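Based on the hints, put chain B in the right spot on chain A.
So the sequences go chain by chain: A and B.
Mapping of the first sequence onto UniProt numbering: residues 1 to 146, in sequence order.
Mapping of the second sequence onto UniProt numbering: residues 1 to 146, in sequence order.
Be a bit skeptical, because a hint or two may be false.
Since the list gives no way to pick out one identical chain from another, each pair is judged satisfied if it fits inside one copy or across any two copies.
With a Cα cut of at most 25 Å, we get these calculated SDA-like pairs of lysine to any residue [as the list claims (entries may be wrong)]:
#1 Lys17 with Arg42
#2 Lys102 with Phe13
#3 Lys126 with Phe28
#4 Lys126 with Ala98
#5 Lys73 with Gly27
#6 Lys126 with Gly27
#7 Lys102 with Asn36
#8 Lys126 with Ala139
#9 Lys77 with Asp93
No lab work stands behind these hints, which were simulated from the structure alone.
It should be emphasised that the depicted structure is a prediction, and the values quoted were computed from it without experimental measurement.
There are 2 protein chains.
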Amino acid sequence: MLTRIDHIGIACFDLDKTVEFYRATYGFEVFHSEINEEQGVREAMLRINGTDDGGASYLQLLEPTREDSAVGKWLAKNGEGVHHIAFGTADVDGDSEAIRDKGVRVLYDAPRRGSMDSRITFLHPKDCHGVLTELVTSAAPDVADH
Amino acid sequence: MLTRIDHIGIACFDLDKTVEFYRATYGFEVFHSEINEEQGVREAMLRINGTDDGGASYLQLLEPTREDSAVGKWLAKNGEGVHHIAFGTADVDGDSEAIRDKGVRVLYDAPRRGSMDSRITFLHPKDCHGVLTELVTSAAPDVADH
Numbered sequence: 001m002l003t004r005i006d007h008i009g010i011a012c013f014d015l016d017k018t019v020e021f022y023r024a025t026y027g028f029e030v031f032h033s034e035i036n037e038e039q040g041v042r043e044a045m046l047r048i049n050g051t052d053d054g055g056a057s058y059l060q061l062l063e064p065t066r067e068d069s070a071v072g073k074w075l076a077k078n079g080e081g082v083h084h085i086a087f088g089t090a091d092v093d094g095d096s097e098a099i100r101d102k103g104v105r106v107l108y109d110a111p112r113r114g115s116m117d118s119r120i121t122f123l124h125p126k127d128c129h130g131v132l133t134e135l136v137t138s139a140a141p142d143v144a145d146h
Numbered sequence: 001m002l003t004r005i006d007h008i009g010i011a012c013f014d015l016d017k018t019v020e021f022y023r024a025t026y027g028f029e030v031f032h033s034e035i036n037e038e039q040g041v042r043e044a045m046l047r048i049n050g051t052d053d054g055g056a057s058y059l060q061l062l063e064p065t066r067e068d069s070a071v072g073k074w075l076a077k078n079g080e081g082v083h084h085i086a087f088g089t090a091d092v093d094g095d096s097e098a099i100r101d102k103g104v105r106v107l108y109d110a111p112r113r114g115s116m117d118s119r120i121t122f123l124h125p126k127d128c129h130g131v132l133t134e135l136v137t138s139a140a141p142d143v144a145d146h
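Isolated chain A, as found in the complex (with noise of 0.2 Å):
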């Protein structure tokens, strides 16, 4: 069952500047940060909430680390902007298998290695009216790194 908005997935050309804007206009701060080389991109967690489930919703800004990352193609497509929105579940298996016997599409056989140690999955923009959709299930939520 999915019991939050996990994060919104904002895709921008320069991690850095990006991080500054959120800091200085809002006051919003970095969580944790991290490079995923299979995703590749650099990001940067931004915790805004915690949530009745136990856990939090972060915006995650996303710069590419490569141009033929998926993120870098979107980027070069569209511009800075929000790239996906998240939703936490504490199955991310189950729910993604169940997802699938619906009809929609499920972009990774078996969920991969996501920001803090979670477990991700995608599901088809196409299938979701525009929005590409990830499923997530945390490690340990809401417990920052520094």
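Showing chain B alone in chain A's frame:
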């Protein structure tokens, strides 16, 4: 101070079909629906989770009621997808003025009426790294109308 992701605004061509997609695929139910003639939209709010500031996070599904509305023009150009994101605050007036003073364009001179009698304003996406950003103060957070 912005204390939650209040909602993700998603533009769609057919509200009823999109509501049914979110219900059938994820089990999300309509918490509130209304027509906002000023904004030129028919909308459904799907409540996803409660937040630790006493509010909640929603998906806001938006179908234009006329082609020349902001959402209608956006849909004609972009197709279905994420139209805007919204942060919740107890003080949309003070926060929007403080953000205006930082040089970010605020689209309304004063906040206007939004979903569920909230008060809202928008920030120019070109000043926000491509993200149309709404600020919202709820009237009565987290109380369903049915």
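Here's how the hints hold up against the structure:
With identical chains, the CA atoms of Lys17 and Arg42 are at most 25 Å apart within one copy only, with a shortest distance of 13 Å there and 36 Å across copies. With identical chains, the CA atoms of Lys102 and Phe13 are at most 25 Å apart between copies only, with a shortest distance of 22 Å across copies and 36 Å within one. In this assembly of identical chains, Lys126 and Phe28 lie within 25 Å of each other by CA distance solely across copies; the values are 19 Å between and 32 Å within a copy. In this homomeric assembly, Lys126 and Ala98 come within 25 Å of each other (Cα to Cα) only inside a single copy, at 18 Å, whereas the closest approach across copies is 39 Å.
Taking identical chains as interchangeable, the C-alpha atoms of Lys73 and Gly27 are never at most 25 Å apart, the minima being 30 Å within one chain and 32 Å between chains. In this homomeric assembly, Lys126 and Gly27 come within 25 Å of each other (Cα to Cα) only across copies, at 19 Å, whereas the closest approach inside a single copy is 35 Å. For the identical chains of this complex, Lys102 and Asn36 are neighbours neither inside a copy (30 Å) nor across copies (33 Å), given an alpha-carbon limit of 25 Å. Taking the closest pair of Cα atoms, Lys126 and Ala139 never come within 25 Å of each other, the shortest separation being 29 Å inside a single copy and 35 Å across copies.
Proximity of Lys77 to Asp93 under the C-alpha cut-off of 25 Å is found in neither arrangement, the shortest distances being 31 Å within a copy and 36 Å between copies.
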